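Chains as they are written, first to last, in this note's numbering: chain A, 1 to 358; chain B, 1 to 358.
Treat the hints with caution; some may be incorrect.
What the hints assert, rightly or not - Among chain A residues calculated to face chain B with C-beta under 8 Å, some are:
#1 L63
#2 R66
#3 G116
#4 L118
#5 D119
#6 P121
#7 M126
#8 E131
#9 D330
#10 L332
#11 L334
Unchecked claim - Pairs of lysine to aspartate or glutamate residues, derived as EDC-like cross-links and limited to a Cα-Cα distance of at most 20 Å, are as follows:
#12 A:K68 / B:D286
#13 B:K109 / B:D96
#14 B:K68 / A:D122
#15 A:K68 / B:E320
#16 A:K238 / A:D140
#17 A:K68 / A:D286
#18 B:K68 / A:D119
No lab work stands behind these hints, which were simulated from the structure alone. Note that the coordinates shown come from a computational prediction; the quantities given were computed from them, not determined experimentally. Note that CB positions come from ideal geometry on N, CA and C, so glycine has one too.
Chain by chain, the residues:
There are 2 protein chains.
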Amino acid sequence: MRIAQVAPLYESCPPRLYGGTERVVSYVTEELVRLGHEVTLFASGDSHTAAMLEAGCEMALRLDDRCKDPLVYHLIMLDRLRRRADEFDIIHFHTDYLHFPLFADCWEKTLTTLHGRLDLPDLPVMMREYEMMPLVSISDAQRAPMPWANWCGTVQHGLPRHLHRLSNGSGGYLGFLGRISPEKAPDRAIEIARRARLPLKIAAKVDAVDQEYYESKIVPLLRDPLINFIGEIGEADKGAFLGNALALLFPIDWPEPFGLVLIEAMANGTPVIAFGRGSVPEIIEDGVTGFVVDDIQSAIAAVPLALQLDRRAIRACYEERFTAERMARDYLALYQRVVSRRSAPLRLVGATGRAAAD
Amino acid sequence: MRIAQVAPLYESCPPRLYGGTERVVSYVTEELVRLGHEVTLFASGDSHTAAMLEAGCEMALRLDDRCKDPLVYHLIMLDRLRRRADEFDIIHFHTDYLHFPLFADCWEKTLTTLHGRLDLPDLPVMMREYEMMPLVSISDAQRAPMPWANWCGTVQHGLPRHLHRLSNGSGGYLGFLGRISPEKAPDRAIEIARRARLPLKIAAKVDAVDQEYYESKIVPLLRDPLINFIGEIGEADKGAFLGNALALLFPIDWPEPFGLVLIEAMANGTPVIAFGRGSVPEIIEDGVTGFVVDDIQSAIAAVPLALQLDRRAIRACYEERFTAERMARDYLALYQRVVSRRSAPLRLVGATGRAAAD
Chain A
1 MRIAQVAPLY ESCPPRLYGG TERVVSYVTE ELVRLGHEVT LFASGDSHTA AMLEAGCEMA
61 LRLDDRCKDP LVYHLIMLDR LRRRADEFDI IHFHTDYLHF PLFADCWEKT LTTLHGRLDL
121 PDLPVMMREY EMMPLVSISD AQRAPMPWAN WCGTVQHGLP RHLHRLSNGS GGYLGFLGRI
181 SPEKAPDRAI EIARRARLPL KIAAKVDAVD QEYYESKIVP LLRDPLINFI GEIGEADKGA
241 FLGNALALLF PIDWPEPFGL VLIEAMANGT PVIAFGRGSV PEIIEDGVTG FVVDDIQSAI
301 AAVPLALQLD RRAIRACYEE RFTAERMARD YLALYQRVVS RRSAPLRLVG ATGRAAAD
Chain B
1 MRIAQVAPLY ESCPPRLYGG TERVVSYVTE ELVRLGHEVT LFASGDSHTA AMLEAGCEMA
61 LRLDDRCKDP LVYHLIMLDR LRRRADEFDI IHFHTDYLHF PLFADCWEKT LTTLHGRLDL
121 PDLPVMMREY EMMPLVSISD AQRAPMPWAN WCGTVQHGLP RHLHRLSNGS GGYLGFLGRI
181 SPEKAPDRAI EIARRARLPL KIAAKVDAVD QEYYESKIVP LLRDPLINFI GEIGEADKGA
241 FLGNALALLF PIDWPEPFGL VLIEAMANGT PVIAFGRGSV PEIIEDGVTG FVVDDIQSAI
301 AAVPLALQLD RRAIRACYEE RFTAERMARD YLALYQRVVS RRSAPLRLVG ATGRAAAD
């Protein structure tokens, strides 16, 4: 198929640093190329891809001090793409809702993956106005605030097969990887580790918005010699960090829409002890790849059990369910479904005279 | 003509409180209706107008706690308008650049007034991409950062003729009206008043972003018994505040694109002593409606001269140059010019295949 992948311009594909959405777009894009498709990637100019690259800006906007208004570059990229829409069989957007007005008239060749949380007050207004746009969720749980939206599938994220490899957890520590923020609950991870009497390594960045939380709530907890805060780590160090961990702690306090680190741990054969919010019960197989728990007490009880899990079986589960190839094939199936709708009967909706699928 | 006026949705038309752009849109709209045109106003649902109102949202978004993402409502409003573009002879936008992608293909029935400062780093990128969009500046000075843009005229703002009336400055004070911020330079106004030995009344709001500046730089200056800080005043109190002032001080330290308060003072017959930045030399007639100065020393020297100016002549100058009727007629002339271009030869530009006027 002739496929356009449309990434946000905040980070490159893949990102140099943090940037979950652009990372997933990169994985999908490279895998679709590998599977023999003709792929064009709309992304920042410092992206690296085997697809054809259409640069929406010179470099990732989050790293570009000259850029004060990212909307400018996104609007221009989307509008230029619209004028070339005929060149593609399917256009796959990862740009939230920003493209809806420009592509409402050719919705039948688009697919939009929503990467973020959906419990934002203005989002339903947009989704009702553009009810014809075919949407993909990254977990079933993500849909909860808008079960009525035009979902045509859930596609869980996947990682390139050889990005990580089975490791043995020989570092002897529990791991926490992500952001320092109340919803990621590093304080809970610290309590679990202390009460399980195991060392905890925290690899996490602190955003400006979370600095106050970090200083007031987390720094005082770092005095314990069991707790080791190592700051933000790069993509290249993630494998070693996760692979050497006995288990990953994921004691979230929010409805995480996916949680890429869960499958990154799995790809290293590392079990996960995760609170059962959001996507977690869909990703973790309880008693196989980790344990889904409801509170700190159960998390502590799960630690010795997690250490007994078969790391080989965890890696096998990853290979079966969470490779980039599985993700790409899932998307290809949805592309086919969207494209074939074109010949299906349409109904006219509302005063705007737009067409939507039955 | 069948005219669409498209306001931002942050404030109602007219605004309940502050909001320069929406206020001007309201003045233009009501005057065009008065002149017999068929006008549709796209604005927030709590707007008041003699035109047909198309509500882009229930109430002004800046006052709506439920709204976290104003972009949603702006995009929907603009897209709905695009689908009705045929109903209008001309569509007059006051929404920065946000409508450019949606209306690039019917640029020849649009006019866009840029209300803000133009020295923003990403703006030229947008203006070059959409070089066909006909633009209006609110002063010639405003164009300085982008003299090459597709300007088709300057239309200075105007006020409804009976909004203010000739007053006598009997309050015996100098006035400062606006925001407390470094670029409005209230500290200079205080110094001018102190050294001219006249009372100064400061009617100004303090935005959150300027709170620190207010407390550290301005509060210490308010101890002087000559200086009276009265806080933010409503639209209804502006006339009395300006009309009772001996003169208005406008010692700005930035390239003000217009400065509505200058003509509001003028409409009350009140002279203005203004620093010659941005639009000021285009608005103030030196020695007639006030004095254009370059520094504090000249401002102080201008105070006694300003008190001798003929307030009747100032009001007469306002009536000649700055009524809403003059503004509306200026816009009507530009609407005609844009519309008549339709039959003029077009040249094709760039790879996007868009058409632009010669």
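Here is what the structure says about each hint:
no., hint, verdict
1, L63, "15 Å, violated"
2, R66, "5 Å, holds"
3, G116, "12 Å, violated"
4, L118, "12 Å, violated"
5, D119, "11 Å, violated"
6, P121, "5 Å, holds"
7, M126, "5 Å, holds"
8, E131, "12 Å, violated"
9, D330, "29 Å, violated"
10, L332, "29 Å, violated"
11, L334, "25 Å, violated"
12, A:K68 / B:D286, "37 Å, violated"
13, B:K109 / B:D96, "17 Å, holds"
14, B:K68 / A:D122, "7 Å, holds"
15, A:K68 / B:E320, "40 Å, violated"
16, A:K238 / A:D140, "27 Å, violated"
17, A:K68 / A:D286, "45 Å, violated"
18, B:K68 / A:D119, "12 Å, holds"
In summary, the structure is inconsistent with hints 1, 3, 4, 5, 8, 9, 10, 11, 12, 15, 16 and 17 from the numbered list given earlier, while agreeing with the others.
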